[in-house]
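Asks: Now for the letters of each chain:
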Amino acid sequence: MSPFEELRERVDLAELAGRYTDLKASGRAFVGCCPHPEHDDEHPSFHVYPEGRFFCYGCRWHGDVTDLWSAVKGLKPGMEAGLDLAREFGVDVPTVSAEAKEKAERRRNLEADYLARAQGYHAALSRHPSVVEWWEGRGFGEGLREKFLLGAGASGAEATIPFWNRGRVHGLVRRKLEKDPDRKYLLPNKELFPLGYRPLFIPGRVREGMYVVEGYVDALALSALGYGVAAIGGTHPNAEQLKELRQFPGPLYVLPDADEEGEKAARRWVEELFPKALLCPPEYERKVTNDE
Amino acid sequence: MSKEMKDTADLFAAEGEGAREVLERLKEQAKDALGLVISEAPAEGDFLGRYRHFKERELPLIMRLEDPGERRAVLEDIAKTHDLKVSDLRKALSAAEKRAEEAAAQENHEGGGAQDETLAPEPGTERYERAIHLLECPDILKKAAQNMQRLGHIGEPKNKRLAFVCAVSAMAGYTIQPSTHAQSSAGKNYLWDMVLSFVPPEMVIKRSGLSAKALFRTDMELKGKVLYIQEVAGSEDAEFTIRVLQSDGKLVYEATEKDVDGTMRNVVHEKEGPTVVVQTTTRIHLHHENETRVFPIYIDESSAQTERIVQSILEQAEGGGVGPEEREEIVGVWHDAIRLLEPARAIVPYARRIRVPSSQVRIRRDVTRLLDVVRVISWLHQHSRTRDQRGRIIATEEDFRTALALVEEPLKRSWQALSPAEEKVMRAIKALPEEKRQKGFRRSDLAVEGAQPRTVQEALSSLASTGYLERDGRRGSQGYTYTLVRDPEGMTLGINLDPLPGEAVDAEETRGSRGIARNGDRAIESPSLQEDLPIARSRGVDGNGQPQEEAKEPDEQDTVRQRPIDLAEQTIHERGEEYYLYGEEQKTKPARIKLAELGWARRSNVTDDEVVVPTGATTGNNGDVDNDPVARYTASSEIGSVEVMTATEIFQGVGRVLSKGGQIPPDWPADSREVHERLSRLAPILRTTKRQHPYFEGYSYPCEEPPDVREGYTHVEYWESEADDKEGLWVFAVHEPGEPVDREEVEDYVWANVKPLEKVVEHFVELPGTFD
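Chains as they are written, first to last, in this note's numbering: chain A, 1 to 292; chain B, 293 to 1064.
To be clear, the hints were calculated from the coordinates, so they are not data collected in a lab. What you are looking at is a predicted structure, and each value in this text was computed from that prediction instead of being measured. All C-beta atoms in this analysis are idealised placements derived from N, C-alpha and C, irrespective of residue type, glycine included. Each hint should be verified, as a subset may be incorrect.
[Stated by the list, open to error] When the alpha-carbon atoms are kept at most 30 Å apart in a straight line, the in silico DSSO-like pairs for lysine-lysine are as follows:
hint : chain 1 : residue 1 : chain 2 : residue 2
1    : A       : 276       : A       : 190
2    : A       : 103       : A       : 73
3    : A       : 276       : A       : 243
4    : B       : 323       : A       : 276
5    : A       : 287       : B       : 383
6    : B       : 498       : B       : 515
7    : A       : 147       : B       : 298
8    : B       : 347       : B       : 372
9    : A       : 264       : B       : 498
10   : B       : 372       : A       : 276
11   : B       : 390       : B       : 498
12   : B       : 450       : A       : 276
13   : B       : 390       : B       : 505
14   : B       : 298       : A       : 190
15   : B       : 323       : A       : 264
16   : B       : 347       : B       : 377
17   : B       : 390       : A       : 276
18   : B       : 319       : B       : 372
19   : B       : 323       : B       : 390
20   : A       : 147       : A       : 190
21   : B       : 982       : B       : 1051
22   : A       : 103       : B       : 498
23   : B       : 298       : A       : 276
24   : A       : 287       : B       : 319
25   : A       : 147       : A       : 103
26   : B       : 704       : B       : 450
27   : B       : 298       : B       : 323
28   : B       : 1051      : A       : 176
29   : B       : 515       : A       : 276
30   : B       : 347       : B       : 298
31   : A       : 276       : B       : 704
32   : A       : 176       : B       : 1018
[What the hints assert, rightly or not] So, partial list: chain A residues that the calculated Cβ filter (under 8 Å) puts toward chain B:
hint : residue
33   : 217
34   : 255
35   : 258
Between the sequences and the hints, there should be enough to build the whole structure, so can you do that?
Replies: Printed below as a string of C-alpha cells:
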C-alpha cells in the first residue's frame, strides 16, 4: 500500500475537510463551500464523496486527503504534504524513505527557523526607529509591518523582509538602508532556501491575474493593496520561478521597473511566458484630474 | 515637483490606496509579447522588411500558440496590420509547423523512445540528488577523468578532460571543436567512445561517415549536440559542410527541387547549430582552414601508454574492472548531471590580466578558444560558481589555470604547426649532417624511429606546406629533395595570468611553481583583441604588476567616491560566504578582509578565548553580570542575535533602556568612557556566564505567541580602528550553550557598521558583457 493509500484509508476526508468548511450531508456526499485558499466560493460547490475523494464544481479542484492538506496548508503536493498529514494524524507511513522524511523535516525546520528569525527581527523594530521611519516612508504602517513581519536587523542598518511564498517563510531578505538601495539586498544562498532554490516571492495569496514584479518591496506594496503578486527578486528568473509562474491561474501582468534594465528584463519575461504574460507600460505617475 | 516613480514600491509610497487607479489603468494597457513585436514592425512601404520581421520575430511566437485555429486567426490580423498577403504568411506558418513536427519526430527518434531517460531528474528524487552532488564537486573534470579510468580508460588524463570539455561545449553555448589524431589502432575512438558515454545519449549523434549534403538535409536536430564522425576518411566530401558548421554554427543551403506537383522550386534547407563535431583521423592535419577552428587532440602513442592499455585489457580479461550494472550507474549519474546544467553565459572577469605572446598570427582565434575553454569549465561548475547581477557565471582563476593546463599542449603544437609525427621527422632532419640539411636531402636519408614510410612522407609534405622545408618540386625516382629553411621556433606557450596589484610576489612564486613560461611575453597589441578582452576598468597592470593609469576611464572618477573597494573583480571568485547580493547572488569579499584593509581589527585582550576569567566572576555566580546595568542591558538580546554598538550608543541607551519608562538606572555609567571600561572588564565574564535570553520560536503567522526564554552566553568582541579617529565597536552575539558563535556572521555585522563610519561606498562593479 502506498503512503497515499494508507492516508486515504486512515484519515477521514469529511472530518478533515470539515475543519476548513462547514459541510452538510447531501445524499451520499457532504457539501460545503470550497476550502481552497484561492477560491472565494460563496455558494456550496465542494462535494466530499464516501470514496475518499472530493470535487469542487466551482473551481474544478479535486483530489483526496493529501491534496486537500497540501492546498489548505500551502504545502508542496505529493510526498511532502503526505508526510505532514501523516504526522498530524499520527499515521505511520513506513514505506516513505528515510531520505524523503529527512528532506521534508529539513524543509519544515528551515521554514520554522526563518519564521522565528523573522519574528525576532520584527520585534527588533522597536529598537530601531530609523528603520521604522524607513518602512513608514515606503507606506508600510504598523499594521502592514505586522502583517508581513517586516523588521530591522544589524543595528538598524538594515530592514528585513521575510521571504514569503504562499504563507511560509523561505528565508530572510535584508535590505541595507544606507545608500544605493537598488543593490543592497542580501539573500540566503540558494542552498539555504528550504526548497534548495530561490522560489518566487509571494507575500499574499495566489489569485487569478497575478501581477509580476522585479523587487520585493514592489510585491509587498501590491500585496498590501490586496492584489495577487509574485516578485522575481531581480531581472533573471530561474527555471523554477518560471515554472511556478506558468502554473498560476489566468494571465500574468508584468509591471516593469521604469529603467532600461528593468524594461528589458520585463520584455524578456513576457516573451518567455508568451502567451500567458502581458506587459504593462512602466508609467507609474498618477494622472491628475481637474478635480484634484 | 514629485519624485520620479520607478516602480510599484514608489507608487505605493506616494499614492497609497490611490495606487489602485494607476494599476488598473496599466492592466488595461498591457500587451502580450506578440502584440509588442507586431507594434515594432518596420514602417509602411517596406514590405520585405515587414515580411522578414514577421518570419523572424512574430512567427516564433505564433508557433508557441497551442491552438492551430488561434495561429490562423493571428495571421489574418497580422496580414491586415502589415499589409501583407495572408497566403504568404500561411505558407511560412505551414513550413514552420512542418519543421517543428520533423524536429519533434527526430527528437523522439534520437531519444530511442526511452522518454524518461531523456528528461532531467526531478528535484527530490535520488537521481537528482546524486546528479547535484556530482555537479557540486569542486573539480568535475578530475572526477570525469577518474570515472573514465575506473571504467577502463587508462592514462591520458588531459586528453580525457579536454575531450569532455569539447563534448559539453555546444550545450554550454561555447562550442569547442576537437580533432583527434593518431595512427590506426592508437585509441582515438576508444577515447571518444568513453568520453561520449558520459554525455546523455540524446545529445550525441554517432555516424561512421557523412556525404557532402547529408548535414543540410538531415532530419536530425543538431543544436547543442555532438556529431561524432568516427573516421574522417570517407567523409571528405562533407569537409566543407563541417567547416561551415564549425565556424558559423549553422548551415544554410538553397537547392532547386521538384515539388509534389512536378514544378521546380527553390528550397532553403537550414540547420541550426551550434554543434560540436568530433572527428578522428589518422591524418596529421585536417584541412588547413578546418584546423584553425579545432583543438587537436594527439593521442598518446608512447610505449608506456601502450603498456598501460595492455595491462588494463589483461586485468579486465581476468574479471577485474567494472561490471555492466556499475558502468550504467556511473554514466547514468553523468547523464543526469549534464541534463541538469542550465544554459547560462559565463564571463572571465580577469581576462585583461591574461598575457599572451603576440608573435603568432593565429593568436586571436586561439585566445578566443582558450577563453571558451575557461567558460565551459566554469559553466560545468555552475553549481559551485558565483553569478553576477545578470545571472552570468563568473569564471574563477582556477578555471583559467585548468583550461590552460588542458590546452597548453594542443595550442603549442598548433602554434608550432607540428604534429608528433612532424616533430619526429624534424628531429631526424636535425640529426642529418649540416651539408645535407642545407643543400638537400631525400626521404630515404632520414632515420625516423617507429614511423611508417607513409607517415614520414606525409610529415615531409606537411612540413613543406607550412614553410619549414623547401622541396625542389621535381620528384625523382627517390622522391623529392628537401632543404631545411627554418627551424621550428623553440617557443613555449607564454600565456599566463598577471597577478593583481599587491599580489605580485605571491603570484610570481605561484607561476613559477606551475611552470608556466613567460619568456617573450608581451601584452596583446591588437586593438580589436583588446576589445575582445575587456573587463572592469582600472585593474590593468603593467609587466611589473603596477596599476596602469591609462586603463582608467574618465567617468570612473564619478563612480568611485571616498574610499572605494572594488569587490567584484578582485575577489569575485572567493567563496564561503552565506549571503549574496540581491537576487543575482554576486559574491563579495569576506568582511574580515574588508575590515582588515580599512585597519579594523578585533582587540585580542577582550575577545581571545584564552582570556582568564577574573577572580570572583565564575560561572554560576553571576555577580556583576546580574547587578551591573551595562551587563543587564545585553541580556535582553534574543538568542541568535548580533548587536553592534559604540560605547556612546550604549551610554545613550539607544532605544532599549530609555524606552523602558525613560529612566536611566541609578548606577548607570557617568559617561561613555565608563561604559567602555565596564565592558572591557565584563566581557570575559559575559562570555562564560549563562543567562536567560528571549528565544523566538513562534510558528504561527502573524506572530502572536510570546517569546520563549532559553539559556545562553553572550559572546563579546571589541573592534577598533588603527586610525584612532573613530570610536570602537562592541559586539554582543548571544548563543546557546554548545552552539558556536559564527565568527563570519559577526564580521558581517561589524562590516555593516564600519562602512558608514569609514564612508565606504561598496560599488559592485558591473562586469561588462564584452564576451556576450
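Asks: Next pair to validate is residue 298/B with residue 276/A; report whether the Cα-Cα distance is within 30 Å.
Replies: Distance ~25 Å between residue 298/B and residue 276/A Cα, so the pair holds.
Asks: Would the pair residue 276/A and residue 243/A pass a check requiring their Cα atoms to be no farther apart than 30 Å?
Replies: Given pair residue 276/A, residue 243/A holds - Cα atoms ~12 Å apart, limit 30 Å.
Asks: Just to be careful, I want the Cα atoms of residue 287/A and residue 383/B compared with a cutoff of 30 Å; is the pair within it?
Replies: The given pair, whose Cα atoms are some 46 Å apart, is violated under the 30 Å limit.
Asks: Has the given pair, residue 103/A with residue 73/A, been kept, meaning a C-alpha gap of at most 30 Å?
Replies: holds (18 Å)
Asks: Are residue 319/B and residue 372/B close enough, with their CA atoms no more than 30 Å apart?
Replies: holds (26 Å)
Asks: Are the Cα atoms of residue 298/B and residue 190/A separated by 30 Å or less?
Replies: Judged against 30 Å, a Cα distance of about 28 Å means the pair holds.
Asks: What's the verdict on residue 264/A and residue 498/B, does the C-alpha distance respect the 30 Å limit or exceed it?
Replies: violated (40 Å)
Asks: For the pair supplied as a hint, residue 450/B and residue 276/A, confirm whether the alpha-carbon distance does not exceed 30 Å.
Replies: This hinted pair is violated, its Cα atoms lying about 48 Å apart.
Asks: Going straight from one Cα to the other, do residue 372/B and residue 276/A come out at no more than 30 Å?
Replies: With Cα atoms ~24 Å apart, residue 372/B and residue 276/A stay inside 30 Å; holds.
Asks: Is it true that the CA of residue 276/A sits at most 30 Å from the CA of residue 704/B?
Replies: Violated, because 53 Å separates the two Cα atoms, which is more than 30 Å.
Asks: Compare the distance between the alpha carbons of residue 298/B and residue 323/B with 30 Å, and conclude whether the hinted pair is satisfied.
Replies: This hinted pair holds, its Cα atoms lying about 20 Å apart.
Asks: Within a Cα-Cα threshold of 30 Å, do residue 1051/B and residue 176/A meet the stated pairing?
Replies: Given that 30 Å is the threshold and the Cα spacing comes to 15 Å, the pair holds.
Of the numbered hints listed earlier, those contradicted by the structure are 5, 9, 12, 21, 22, 30 and 31.
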